[in-house]
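Protein chains: 4
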Amino acid sequence: MWHLMGSVRIIVTHKSMAGRILLLVLFMNAVFFIVNAVPETCPADLGGKCGEDGEWEGEFFPGVPKIKYEGPSSKNPLSYKWYNAEEVILGKKMKDWLRFSVAFWHTFRGTGADPFGAPTKYWPWEDGTNSIAMAKRRMRANFEFLSKLGVDRWCFHDRDIAPDGKTLKETNSNLDEVVALAKELQGDKIRPLWGTAQLFMHPRYMHGAATSSELGVYAYAAAQVKKAMEVTHYLGGENYVFWGGREGYQTLLNTDMERELDHMAKFLEAAAAYKKKIGFNGTLLIEPKPQEPTKHQYDWDAATTLNFLRKYGLLEFKLNIECNHATLSGHSCHHDLETARINGMLGNIDANTGDPQVGWDTDQFLTDVGEATMVMISVIRNGGLAPGGFNFDAKLRRESTDVEDLFIAHISGMDTLARGLRNAAKLIEDGSLAELVSKRYSSFDTELGAQIEAGKADFEMLEKKAMEWGEPKVASAKQELAEMIFQSAL
Amino acid sequence: MWHLMGSVRIIVTHKSMAGRILLLVLFMNAVFFIVNAVPETCPADLGGKCGEDGEWEGEFFPGVPKIKYEGPSSKNPLSYKWYNAEEVILGKKMKDWLRFSVAFWHTFRGTGADPFGAPTKYWPWEDGTNSIAMAKRRMRANFEFLSKLGVDRWCFHDRDIAPDGKTLKETNSNLDEVVALAKELQGDKIRPLWGTAQLFMHPRYMHGAATSSELGVYAYAAAQVKKAMEVTHYLGGENYVFWGGREGYQTLLNTDMERELDHMAKFLEAAAAYKKKIGFNGTLLIEPKPQEPTKHQYDWDAATTLNFLRKYGLLEFKLNIECNHATLSGHSCHHDLETARINGMLGNIDANTGDPQVGWDTDQFLTDVGEATMVMISVIRNGGLAPGGFNFDAKLRRESTDVEDLFIAHISGMDTLARGLRNAAKLIEDGSLAELVSKRYSSFDTELGAQIEAGKADFEMLEKKAMEWGEPKVASAKQELAEMIFQSAL
Amino acid sequence: MWHLMGSVRIIVTHKSMAGRILLLVLFMNAVFFIVNAVPETCPADLGGKCGEDGEWEGEFFPGVPKIKYEGPSSKNPLSYKWYNAEEVILGKKMKDWLRFSVAFWHTFRGTGADPFGAPTKYWPWEDGTNSIAMAKRRMRANFEFLSKLGVDRWCFHDRDIAPDGKTLKETNSNLDEVVALAKELQGDKIRPLWGTAQLFMHPRYMHGAATSSELGVYAYAAAQVKKAMEVTHYLGGENYVFWGGREGYQTLLNTDMERELDHMAKFLEAAAAYKKKIGFNGTLLIEPKPQEPTKHQYDWDAATTLNFLRKYGLLEFKLNIECNHATLSGHSCHHDLETARINGMLGNIDANTGDPQVGWDTDQFLTDVGEATMVMISVIRNGGLAPGGFNFDAKLRRESTDVEDLFIAHISGMDTLARGLRNAAKLIEDGSLAELVSKRYSSFDTELGAQIEAGKADFEMLEKKAMEWGEPKVASAKQELAEMIFQSAL
Amino acid sequence: MWHLMGSVRIIVTHKSMAGRILLLVLFMNAVFFIVNAVPETCPADLGGKCGEDGEWEGEFFPGVPKIKYEGPSSKNPLSYKWYNAEEVILGKKMKDWLRFSVAFWHTFRGTGADPFGAPTKYWPWEDGTNSIAMAKRRMRANFEFLSKLGVDRWCFHDRDIAPDGKTLKETNSNLDEVVALAKELQGDKIRPLWGTAQLFMHPRYMHGAATSSELGVYAYAAAQVKKAMEVTHYLGGENYVFWGGREGYQTLLNTDMERELDHMAKFLEAAAAYKKKIGFNGTLLIEPKPQEPTKHQYDWDAATTLNFLRKYGLLEFKLNIECNHATLSGHSCHHDLETARINGMLGNIDANTGDPQVGWDTDQFLTDVGEATMVMISVIRNGGLAPGGFNFDAKLRRESTDVEDLFIAHISGMDTLARGLRNAAKLIEDGSLAELVSKRYSSFDTELGAQIEAGKADFEMLEKKAMEWGEPKVASAKQELAEMIFQSAL
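Chains as they are written, first to last, in this note's numbering: chain A, 945 to 1434; chain B, 945 to 1434; chain C, 945 to 1434; chain D, 945 to 1434.
Honestly, the hints are just simulated from the structure, not real lab data. It should be emphasised that the depicted structure is a prediction, and the values quoted were computed from it without experimental measurement. Warning: the hint list may mix true and false statements.
Identical copies look the same in the list; a pair holds intra-copy or inter-copy alike.
Said to hold, decoys possible - Below, in silico cross-link-like pairs of lysine-lysine (DSS-like), each with a Cα-Cα straight-line distance of 30 Å or less:
#1 K1092 to K1255
#2 K1037 to K1019
#3 K1080 to K1133
#4 K1039 to K1113
#5 K1012 to K1370
#6 K1221 to K1383
#7 K1383 to K1012
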């Protein structure tokens, strides 16, 4: 056996530092987003005015009007060309098909940092702190943004919207303070599409949360999810999401995968029980992702997650499919949407896209009309997504640093999906594609077909038929015709 | 709507050709492997002699002795350096851990053809026909090969071992004739590890077999599987495999995925029922593959297949994991083995490997000792694979055209797994790696850990603990140490 | 040292079979496409009539009219919705921007076979032989197809259009016979966009052609290219293409890469010399591809090929960029087009596309309008492609088996590129995107910018400026705005 | 045209913030690595003692002895099992073949942060500041680390080793102060393998450095490289490296690729001129990488970089091949090493590895003995790497947080390459593999072969030979035998 004692000795020595590290970690949370040492001031430029307490006054986006629908011929970047909220498509308003949501983290906490680069974005309302005051100011900006876009839903992680405190209690209290403001700002119309807990950023979660090798972390994560569910419920959230940020492994050499998956199941079971306890009626959603940050995430794709849910009897959960995650796992977005749908599990869509030649999550705003049309075909087949919707889990490119870019990106993403909806409706109304498909399977629309589909056709009966019929006829799949019809609707 | 009538007209006209096409197809099957017009002769070179009826006499591999274990220092390519069949490792003979099987198709029907190239292999015993006589001669070569290698198991598709006839009945009778010979040649010791039906090569299966859009093809496939199961049973096969060669889609635009999956489930249900009916006790195995030949196969990977089996209540099936398929689906082979294992579903391994930079199935013999060691760790954890084993679903490179290359490739594959077994045993006996892993999770080996694992720790209790404990301690994952220990065992 | 003697002995024995193998190979070529044993007959159905000598009479595509432009609102699959040959776009006719070509091999020799499946396509005019008579009948079908599509160019490999003979001399004479007919059928208007030699299908080329380890193969390939160049020249071909089908390696373990690349350079040098000798003025083109059939092709992508050409002083060659090859090498098609263009080397485009989730060459017809628009932007910047053009190196899906599918696929591909051309023109005429780009670089449109670009700004001068200026201003990259403008033109 | 005026207005408004942003950026640099607010203290635990000025005293790694060679049977993680610095292999000491270097950035500035997570590493000597005092303490730790490992070389970016100041001048002066200490600590034996400038982390470089769309950034980068070259020269560095961190694009829609590449060439030209001016004799190296952080880096792989260098006449540059970058670009590491080598351009190796199933740069320590053996085969063929070497551009996993992990990881990486060297030597001494290869090409070791290789064999001569010889003989490639021989040496 390897003499690990030497190693253990060092570990022990290192553990004597634990107190100090802990201290660092606590402070770190308080200032994690501080990337500059500028004192908290009133950033008065861009027309904002400071009140007496240094608080922001006036608009956050003074140059941006309420975004209106101007139609496809408009060349105004700050207008909708395809998204016309109240217009009825296939019997439902566009806004009810699309149920858009702004992701607080990308839009208001995205800094442009990447593994090779420091933050690039310095929005005028940011003062360089992670204080509660800053959190509140940011929340006001969020609601002005929603209102100018004409979007009624938003999504958040607990740690996006309020800073860590020195203890969990203090952290929860910070969260309560900001949530109270959000509640007020929401008014009658705006609600969270969903809330979630950020269980991946803090170093305590480096080995996972529900699947951490450390029991203390499991408990901490439970406490955090408990609070995040409460807060989501309080704000009238319609769903609650689990993205297993670090639920996975970096190497199987040091991992007990079976035990970790068992823990994850127990954790979700407890979450479902707590949901009932507090009377929260929102859907619980799991968001698959194949890799990143870990080498292998447990919720690899829709099918993997469904196998997990079935194995552990967790069928009240549904799926939140993210397009960029789907393509990273080797499927088209449409494939994973359909997989979720035909299993009765399609709950929500994280609307974004990846770069087809890039092997990591780029979280770009979807601008491909063909892909958007495929996505909307699934949504229409699903009868819509409610109480789920489309969350823009998408971010500005690191190099896009103008405030207006935030609007342009969202408008572009919304217009793309709206155009997809219009195209999907066109295809459905035309009917040719559906006819092509149903014709392909028409040999099953027969008595024997019905028997097969009812599980009443055994091998002996089928062999008899096969012998009787001789070589079966096989028609062309007409893929090129199907593609031609599809492309013509774009 | 698109005026498809024009299109339909042409289809109809085309269909008037159906009879002729059918005829072609029937003949095509009879001669599919004819790539030259040389008359059937006795290929007397390489020392073989022809009997009166033109049949092969003498050895097929006259230059090759029975392969013996000579140990790691041997430089004889036709010897085992690591595989010593009778040697006991961790309480079991190597041959019982490894249960090797030769794949008839790659070894005796592989021609070296690829999408850009004609066949390259002209084994001396081949006469250029796909006749029954040739099928029998090939079967004799197979048993000489098994015997010289010292391998007791083989795997086959129905169509590999006997030619198509003009009707299904004739085809079945051809199969019976060759199977009778195989039964005789098997003797007491040799058995099929598994049999299967080839449901992908013939054009009738171009849209799939169980998932074909044509009912006639579904019935034909049922008849074919019925016969293949009977034959496998007759030969004493220990398992029966389903690889869904074309069960998948080329585009979702023309596909009713839900209906196709329902059909697949009914098909497998009927297969399981027929297995019982004929008293076949072998395991039914499904072999996942992500893509190729279709753009998306339904049995994408282990987890996807498990979801399918759970959804349709088909839990008597187990998995046949192929390493090259696992890596094509984005997982390490070890990952998919572990996924199958912890779901209680690891039944068999198709032992091969892919090229890490290549996006298609290369079916190479595994020669990476590190990968082999990981594979054997899973197998040992699984308590072995019996009644499954290791089938060499691996082929010579197209450019390897010497008869001896067939032996060298198998010896290399067998030695690599044998070396993997030795290394895995070394790691287990040393114990350091297992200790490193169990230490990582030791915080769960406590009372609260037991409560969590029993599903008795609710969020309120856990929150209380988290508040009480403060920031949890998180130890190093020691990945580099784990890798060092692992590499040192190689 | 390994005692390879045993191995060598077997090789020697095997070599005694060389004569027989050779014989097989020769015959094999003569009948390589025979997949059925039906005697050569007159396939009279589909309205064709047989003359006395059993030759086909009447139309090959009786149900298909000459394809006309009917505009975007047409729902007739056998019409152009976007391609209007004589319409002028940006000062040039559509047919002159697009210079389409039909690929003889995919359209007339594609069988639908894949590594897991037998042929699926049995066109009515095929009689199941690879005879010269069949080759001529096929050539007539080709010209009827071109004429009905309204396409003036075609591309071919030598071995597509005429069968192998028993000797190279006989093979050449077969080729001459078919080429004479093609010349006659071409008339005044139709010409080969390019010709090429098929140096990958025959087993002699299994180790490559110009990079084969066997000198005899190098010589044979030279003879074959010599003839193919002569034939291309005779037919008035505008270019000659080299696709290094097997110029690459399967493993570096058995490969002398440096020596192979040296041989390839000498081969191309000799080809260029022979071109001059026979007075052929067409462009010599190299077509990059990263992998498949070999694990690593030498002409990996545009940049790799350019490095090779520069190293060996072969700058008279240009590139034939294939979109599916570009994406397989990790680039967008547009990237590799731009790489070729800015190196002054963009000569031709093989117009097709791949599946973004698939790791092999699918050679699909391009139907993505966004991608087509990017492609056309490169072509317009290049001032067009002449004497190159767009060759449809694209094939029907294996499951598309109707004759009309051949037309639908080409129409779809042509319309997609035509639509791309219209969109690219719209973008250029609008000017916003170009302005956005030129503004980004405007700081270089200054005196110091000019000095830098002239190579006159040394580090000392630049440091002085940097010190003087302080922190540089960096504007937003406006990627989302650029994407919005681009998408709006689709 | 799009009415971009609105957009421009906002930009202008935004630009009025430029001053403020600039200020933030400046400060940000000063404190970029501050992730906690703990005041600079003497971290006295782990046995370190504080001097009067709060400076660290005693060892940084008190638990770690000087690492010694103990041979393969040792189970001490803090010993070498394969690397025996003074042992002679193939006529050269191991340390001279391997010329190892520690990468300052990963080892001393790696925080464990990733796109989804905060830093995890808090080394005892870190005080949470980015001060000069901290920079010096870290430098002392570096030299103790080098000395305990027995490694004589280190690599650095300018910004790793010293903090940014408020102006470039102040930044340079910070650098000088730390470099003076490094010079002193280096003593006689230790030298930088190479230095480089960090041109990617700071937001000013978000559009690239030499390829930035902003002239001011180009100038700033020039000033920074100028200084970094001076400093490298002063420290006795043997090479200087250019890794084009953000020299590439995120989308071609907003990019003038040709102009950017021209700028890059002028920049490198000026760098080469400045090298001469200051009398620096080290090699200038370019390090290819395909993607990340940009969607497409200009120095994609070895061949792409070579094409660039040839196009612009920059042939005095050589390549620094990083294994993880090679595999991300679709090649094996061995392939890119061989590509560099046969072009006479292999200058240095960044020794690391990636995860074969992961699409981003994981920078892991290489632990695969097979890959290491391939790498060493290239190095031996190259006659070694001097004045280049092996830089460990590799980092601890985020979850490895013990100080000893830094040692374990480096020992593991060094041992793996040392084992690769021993294996490569074994293969070379055995000679079987080389013989197999040279035999394959023996048909070119003839008179005609010599003529071909001299460029004297034209197509007419070759055709004559081909006609004369008939069908060429083609031998087996013996890939499986080559693999067997290779694996047996591991």
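Comparing the hints with the structure gives:
no.	hint	verdict
1	K1092 to K1255	neither (45 Å within a copy, 45 Å between copies)
2	K1037 to K1019	both (24 Å within a copy, 28 Å between copies)
3	K1080 to K1133	within (20 Å within a copy, 57 Å between copies)
4	K1039 to K1113	neither (39 Å within a copy, 56 Å between copies)
5	K1012 to K1370	both (24 Å within a copy, 25 Å between copies)
6	K1221 to K1383	neither (50 Å within a copy, 35 Å between copies)
7	K1383 to K1012	between (43 Å within a copy, 28 Å between copies)
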